[in-house]
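Participant: Sequence:
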Amino acid sequence: MELRQLRYFLAIAKEGQVTRAAQVLNMAQPPLSQQLKALEDELGVTLFERNGRRMLLTQAGELLRSRATSIIHLVSETEDEVKELHQGIRGILHIGSARSCSSFLPPRIQQYKLAYPGMTFRLWEGDPNGLSYRLERRELDLGLIRLPLETDLDPNLFTVEELRDEPFVAVLPPAWDTDPSNEDIRLYDLKDRPFILLRNEKSTGTHDIILKACRELGFAPNVVCECASISTMLSMVREGLGVTLLHESAARAYVSTLRVKRLTDTPVRTKVGLIYLKDRLLPRSVKLFMETFHDMRNA
1 MELRQLRYFL AIAKEGQVTR AAQVLNMAQP PLSQQLKALE DELGVTLFER NGRRMLLTQA
61 GELLRSRATS IIHLVSETED EVKELHQGIR GILHIGSARS CSSFLPPRIQ QYKLAYPGMT
121 FRLWEGDPNG LSYRLERREL DLGLIRLPLE TDLDPNLFTV EELRDEPFVA VLPPAWDTDP
181 SNEDIRLYDL KDRPFILLRN EKSTGTHDII LKACRELGFA PNVVCECASI STMLSMVREG
241 LGVTLLHESA ARAYVSTLRV KRLTDTPVRT KVGLIYLKDR LLPRSVKLFM ETFHDMRNA
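Note that full-length UniProt numbering gives residue 268 to position 268 of the sequence shown, counting from 1, and the numbers run on in steps of one.
Hints may be right or wrong, so weigh each one.
[To be verified] Straight-line alpha carbon distances no greater than 20 Å define the calculated SDA-like cross-link-like pairs of lysine to any residue that follow:
1) 271 - 259
2) 287 - 26
3) 14 - 32
4) 191 - 201
5) 271 - 295
6) 191 - 211
7) 287 - 90
8) 37 - 63
9) 37 - 73
10) 14 - 102
11) 14 - 24
12) 278 - 189
13) 271 - 256
14) 14 - 66
15) 113 - 4
16) 191 - 153
17) 287 - 178
18) 37 - 76
19) 191 - 207
20) 271 - 236
21) 278 - 104
22) 287 - 14
23) 287 - 10
24) 37 - 24
25) 278 - 295
26) 191 - 165
27) 287 - 159
28) 278 - 113
29) 287 - 266
30) 287 - 11
31) 191 - 177
32) 113 - 224
33) 212 - 222
34) 37 - 18
35) 278 - 25
36) 37 - 74
37) 271 - 293
38) 14 - 50
39) 278 - 153
40) 212 - 178
Please keep in mind that the hints were generated in silico from the structure rather than gathered at the bench.
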């Protein structure tokens, strides 16, 4: 088998037709059909079943598609790593982040850019489930998420490195702060206040942690609104519609005119971690960026 044959095979598998695959590959149809036949003859198997104009993968074809995809990715990643050694660290890092973790990125990107000015970044914010799909498709190199990982995919596809845990803090409108000089508050003292909580369709971790903490203190919070956006949630708090609990780093990054107070009667915390595809050969540029989180590992 040759790499070009595997690329031809993957194009046919994706398009479902030799004619359409030939157009995508910018080549004539007869040579592509000949390459497919040569590959099937070499392996001694039938890779496609013809269903009208559509070509469907056989069981052997499905196996080859899985292996060929891994081989092509490995070759590409090896080429990138060799180029990095020869040309220095340059290129694009594709980083995904949960919205509540995005405040950790700017200082680390700044640190990395000072050391490797040839690198640029493309950032994507989303819930852990969406980020895991982008990692699996190799659209992202690395993800920064809240743990545990919530994904519809097989969690064993990923390596997760725990960085640190951090506490939740209370965020409330200034007018509701009865003791402005005190930086602490009990969660129980907020039991009669309306709550606005963060909740995403595919990620309920933060929401469930807060409800559990309230129940352990003997009350069920009066949740008047649930939001998928931190900024929207804090805008509602700012308007006096309720209080919320938020990860400390996110609260310090987003909040300017609201009261942020440490919680003294609950140990509720959340973990932050890095996630990447387990079977991927990480380029040196990605490994070096991961080293910028060293301070969080020791926090």
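Participant: Indicate, hint by hint, whether the structure satisfies it.
Facilitator: Outcome of the hint check:
no. : hint      : verdict
1   : 271 - 259 : violated, 23 Å
2   : 287 - 26  : violated, 36 Å
3   : 14 - 32   : holds, 14 Å
4   : 191 - 201 : violated, 25 Å
5   : 271 - 295 : holds, 15 Å
6   : 191 - 211 : holds, 12 Å
7   : 287 - 90  : holds, 13 Å
8   : 37 - 63   : holds, 17 Å
9   : 37 - 73   : violated, 24 Å
10  : 14 - 102  : violated, 35 Å
11  : 14 - 24   : holds, 10 Å
12  : 278 - 189 : violated, 45 Å
13  : 271 - 256 : violated, 24 Å
14  : 14 - 66   : holds, 12 Å
15  : 113 - 4   : violated, 36 Å
16  : 191 - 153 : violated, 37 Å
17  : 287 - 178 : violated, 48 Å
18  : 37 - 76   : violated, 26 Å
19  : 191 - 207 : holds, 16 Å
20  : 271 - 236 : violated, 26 Å
21  : 278 - 104 : violated, 23 Å
22  : 287 - 14  : violated, 31 Å
23  : 287 - 10  : violated, 29 Å
24  : 37 - 24   : holds, 19 Å
25  : 278 - 295 : violated, 23 Å
26  : 191 - 165 : violated, 25 Å
27  : 287 - 159 : holds, 13 Å
28  : 278 - 113 : violated, 26 Å
29  : 287 - 266 : violated, 36 Å
30  : 287 - 11  : violated, 31 Å
31  : 191 - 177 : holds, 14 Å
32  : 113 - 224 : violated, 43 Å
33  : 212 - 222 : holds, 13 Å
34  : 37 - 18   : holds, 12 Å
35  : 278 - 25  : violated, 30 Å
36  : 37 - 74   : violated, 25 Å
37  : 271 - 293 : holds, 14 Å
38  : 14 - 50   : holds, 14 Å
39  : 278 - 153 : holds, 13 Å
40  : 212 - 178 : violated, 26 Å
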